[in-house]
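In order, the protein sequences belong to chains V and E.
Numbering follows our numbering, in which position 80 of the first sequence is assigned residue number 80; successive positions increment by one, without gaps.
Numbering follows our numbering, in which position 414 of the second sequence is assigned residue number 414; successive positions increment by one, without gaps.
No lab work stands behind these hints, which were simulated from the structure alone.
Among the clues, some could well be false.
To be verified - Not everything, but these chain V residues come out facing chain E in the computed CB check (under 7 Å):
hint : residue
1    : D54
2    : N58
3    : M104
4    : L117
5    : F119
6    : N203
As the list claims (entries may be wrong) - Computed list of chain E residues with no C-beta within reach of chain V, every gap over 12 Å:
hint : residue
7    : F169
8    : Q273
9    : L361
10   : A481
11   : F549
12   : F582
The structure presented is a predicted model; accordingly, all values stated were derived computationally and were not measured.
Heads up, the beta-carbon is just placed ideally off N, CA and C, and yes, glycines get one too.
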Amino acid sequence: MGALQSAPGHQEYIDLAEKTGFSFEQIGVLHKRFKQLSHNQETLRREHFNEIPDLACNPIRAQIVEAFFDRRNIRQNGGGTVEEIGFEEFLVVMSHFRPPSLHMTNEQRENVRREKLRFLFNMHDTDNDGTITLEEYRHVVEELLSRSGTLEKETAKSIADAAMLEVASISMGHMEPDEFYEGITFEHFDKLLIEFEIESKMNIRFLNMDTTTLCK
Amino acid sequence: MCVCVCVCVCVRYTGLPPSPCLRVSVCLYIRRQDVLPLSSGDNMLPLGLLLLTVTAIGTGTGTRTGTGTGSPSLRGPVLGFSSPVPASPSTPPLLLLREPGEERGAPGVALARSAAEEPSGPAEEEQEGGEHQHHGGGYRVVQWEWSYVQTPYIIAIWLLVASVAKILFHFSQRFTTVVPESCMLILLGLVLGGVVLVANKKQLYQLEPALFFLFLLPTIVGDAGYFMPARLFFDNLGAILTYAVVGTLWNAFCTGFSLYAAKLLGVIDQRVQADLMDFLLFGALISAVDPVAVLAVFEEVHVNDTLFIIVFGESLVNDAVTVVLYKVYISFVEVGAENVQTADYFKGVASFLIVSIGGTLVGLVFAVILGFITRFTKKVRIIEPLFVFLLVYLAYLTAELFSLSAILSMTFCGIGANKYVEANISQKSRTTVKYTMKTLASIAETIIFIFLGISAVDKSKWAWDTGLVSCTLVFIFVFRAIGVIGQTWVLNRFRLVPLDKIDQVVMSYGGLRGAVAFALVVLLDGQQVKAKDYFVATTIIVVFFTVMFQGLTIKPLVNWLKVPRSTNRKPTINEEIHERAFDHILTAVEDIAGLQGYHHWRDKWEQFDKKYLSKMLLRKSVYRKSELWEAYQKINIRDAISVIDQGGNVLTSARLSLPSMASRASFPEVTNVTNYLRENGSGVCLDLQVIDNVPGAKVEEDMETHHVLAGNLYKPRRRYQSHYSRHFMPLGEKERQDREVFQRNMKSRMETFKSTRHKRHKKERSLKKRRGSDSREDGGSDKPRRNVSWQDKDPVVVPVESEEDKAEHSDPEKEDDVGITFVARKAETPKPRPKSVPAALDGSSSDVPLSPPGGDSHLPWKGGVGSPPPCVSVEATKIIPVDLQQAWNQSISSLESISSPPAPPEPVHPRVSALSRLGGPRPVSYTPPGSAMGSTSSSIGAQVSQGSFCFPEKKKKEEEEEEEEGGGGGGGGLQEMQPLMSSSLRPPPSSLPPPPPPPPGSGRRRNPCVYLRSLVTAPPPGGSEQHSRGPTQL
């Protein structure tokens, strides 16, 4: 991988760029960051993420870090998580946050949307069973509120419950009294956030220039 | 009479020829004499009429004297709006620093002065006229004090005219969808102005800059700033700043230079005596997009949020640029272009920085002050809104005082303070602030447009030069388009969500000019700027063209281009959750990627805000709540309101689809989400939307609805009552209102209740658990209950009220804005009680509300009430053994803890015992008894009135009644049931049969019974018990 830095035109670079859609410059910048995080090793492990100071106060840090090690997000078969990721996986996960290009057909846009949505869904669906259960959803909300400390867990629960009920009503419509809603499937999730314009929100501007020297 | 006055006033102000006025006034005069003797009679009504008449006559007289003396100028000053005086003082805000002392010193004073001066002129005149009339006798019963009320009177009349005009416009729905209101208002202004001109040969009124900048503009900007979607604004801050600064500068310079070129080329007539500096000055004031016009037009177009915020934000922020350019050019014009030194240009740039940043800082300082003050207004809720208005306005005035950008200051004050203020002040105050601001802004906007129209009809302004006008129109449009496209091109390289071509077209076309430009051009000094008249005329044309033509056509254009519209939809809870989650996710990813982007800094700011600002500016009670929680609460409130608005339709439909028994089947299922939630005591007021969306939803949903309804719907009312009843409001009205609402929704709710009844138990249980932790809520519940009892009782038992008062005093600290969820329920319980009394009287309907409270039966006070017959409970037990058992136990324990009512198990006279208790020594602390008393008394009343209420429909009441009845007819039933009940449970109920039965448990059980009964046909009162039993066995 050391070759990456020195030779932007290298085959590996081209492959990565094709696979993730990043430009060479962006790959270069991210690679530098990767090296920085991994202390110049070939792979990243969870503890490396935990060393990032800015991440420390992020309430859903654990979930996000987990997402980097989730097989589903790094296009590997099967569920579960891996122990360490290489640069390519790192890049693939990052590419979920790439802003859509200026000119896209509606179909492409829809694809991008679903892809981003899938990432989000996977993040919530921790046991990889295809549904976000109430337990999982509560967990999400609890984490989300965890930084506000004094807030009771009870409240988080209430919010999650209310949200879940909302999902049930939106996705199931009329439910018979003996029916029950076991969790949010991806289709429901899609339906739920259809107004959310995730494709225009789940974006980060990746710089072409190297600014990592400015950070610690 | 009113009509007469109106006619007269209209005549007066529209400046119709004097003769009709005279006639009107004369006939009014005659009438006055008719009326006079009447007024001497006795009551106030004739007197009021008289006053009105006199006013009208006075107006007539004033007109007569005014026109009669042939000095129209006298009438000019009459209108506060039109006085020529303010012109000079008004300049200060925007004028150069030259004479800071004199002019800038007191803009407010200037207006006051002008107001003071106005009357003086006409006053003298009128006095002559008045004395004519008045010299007849010694003491005059009625005085003509026109000069005294003149200024406010005229202002009020103008406001009235403007408001009425608004009403008229909206009569035709089809018309208003096509023609923007602003267009109509300008047209109306033109007509009014024309009438004045015809009558008077001279225009008396015009939009005075002082009035505009000191009063009209702040109201609009204040509203815009305070309710600015802060997040959206800051998300697009880069684009907004670019368009506002670069775009405005570009427009100003290009327009100025191009006009100068046109002049050199001879396109513009030689009569327009202007050189480069004049044109640059004109370009500066005409180039700025106007917030008032943009708001007026875009509000009706509903383009998507991003587009709107960019155009609107630009119009607000470009104020700094406009002010600076305007001031700089004016100073240049004064010194003469040839004397301008290089240093002056740098001064201009420095001035821009100071004006914009200074203005922003002033705004933020006031925002902090405002947040800090509202932190301590808990005890003076009633003036909370005033602080908001005052400080936001002070931010504006202070910025004007230092000749900084007042609009920026006010905007940032609003944006900055909004979060903290909204969190600090009470719900009512929030509503007050909102509506007052909207009202003021709306009326200010109306006045602005009307006066723009009126101002245009003025011969002195008709310095028409076709070349100048057409060139200006073309240039501002072309340069706006070029500027937008160029900047967008640059911006799109940085924006994550690019602005596409359609957006650019709308932005170019939405560059409306308005009253700010007009006020600025009127402020120009005719001595310095020779071509002022031409500029004024051109500005008017430009404003009219942009507001009317572009305003009229932008809607079709937007439709045609299929610009994405904004949806009025409020975000769902899930979207709120994900909104929050996204912020954190993106921040985290940025951090991981080592980027210090927007999200990174936003997160840093939020942490700072949380650590320091919020701690300082938020009340402690609020500080702990997270934003998500607030959002959640807001949604709950909104849903509750929407349910109320729908008048129970939802419930009705739900009711129809309810399978009476099916719900029971699902009951034990823990897997069901709703059940599950309930089981786990989430105790949430579940989102009503759920229910809304699924009209035929499950029974559980109905329960939730009930919950929410009871909580959200009634709690505020209760609070209202308690809050105001003490200090400000007559209690009677509140009660009546409550009762009304109850009765309206009763039927449907009752039905719902029946169906959901048994489900409730579980919930209630969970609630109970919660209750333990929430002592506060208990207090709340007590309170409502008190109210109830009081309501019903009013005539019957006086002491109840006093008790209520005490209770209120005991929990004065309670915040008005307590969480909806739990408290609400308690509130609910009380309500039903009060209802019950009336319900008993008028039948079953009132009882319905009670049923929800039935869930509250565990409440100690309920027990105090003298929970009804155990037999009912027994039945319930049969049906849902597990539930009932638990509930029963709990209820019993609670009962015992409360106090054991001494009521003997006399079946026939339970009421009596209750009554005796009431009248007797009741411990103040013993709130539950109070409620019980209320209920008992109510029941008593009911019984007294008749024994024939419809039991089936009543729920709680019924319970109570039942107990009593049980006392009467149900005694046997009780005994029968007892064997069924578990031994442990039995003893307490038997011991306290009618009056002090186990409150909570019994209540619940009863409810199911009620439910069952309802299923059966409604039995006559006497037979009700039997019926109930029958269903139970089902």
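Status of the hints after comparison with the structure:
A cut of 7 Å between beta carbons decides the hint on D54 of chain V: the least distance to chain E is about 4 Å, and the hint holds. The interface hint given for N58 of chain V is met, as the beta carbon of that residue sits about 5 Å from the closest beta carbon of chain E, less than 7 Å. Checking M104 of chain V against chain E: minimum C-beta separation of about 11 Å lies over 7 Å; hint violated. Against a cut-off of 7 Å between C-beta atoms, the interface hint on L117 of chain V is violated, since the closest Cβ of chain E lies about 10 Å away.
The beta carbon of F119 of chain V comes no nearer than 9 Å to any beta carbon in chain E, farther than 7 Å, and the hint placing it at the interface is violated. For N203 of chain V, the interface hint holds, since its Cβ comes within 7 Å of a Cβ in chain E; the closest pair sits about 4 Å apart. No Cβ of chain V comes within 12 Å of the Cβ of F169 of chain E; the nearest lies about 33 Å off, and the non-interface call holds. Distance check for Q273 of chain E against chain V: the nearest CB is about 50 Å away, which clears 12 Å, and the non-interface claim stands.
For L361 of chain E, the requirement that its beta carbon stay farther than 12 Å from each beta carbon of chain V is met, with the minimum near 28 Å. With a closest Cβ-Cβ approach of about 21 Å to chain V, A481 of chain E is found to remain outside the 12 Å limit, as its non-interface label requires. The claim that F549 of chain E lies off the interface holds: its Cβ sits roughly 33 Å from the closest Cβ of chain V, which is beyond the 12 Å cut-off. The non-interface label for F582 of chain E is inconsistent with chain V: the shortest C-beta to C-beta separation is roughly 6 Å, within 12 Å.
Going through the hint list in order, the structure does not satisfy hints 3, 4, 5 and 12.
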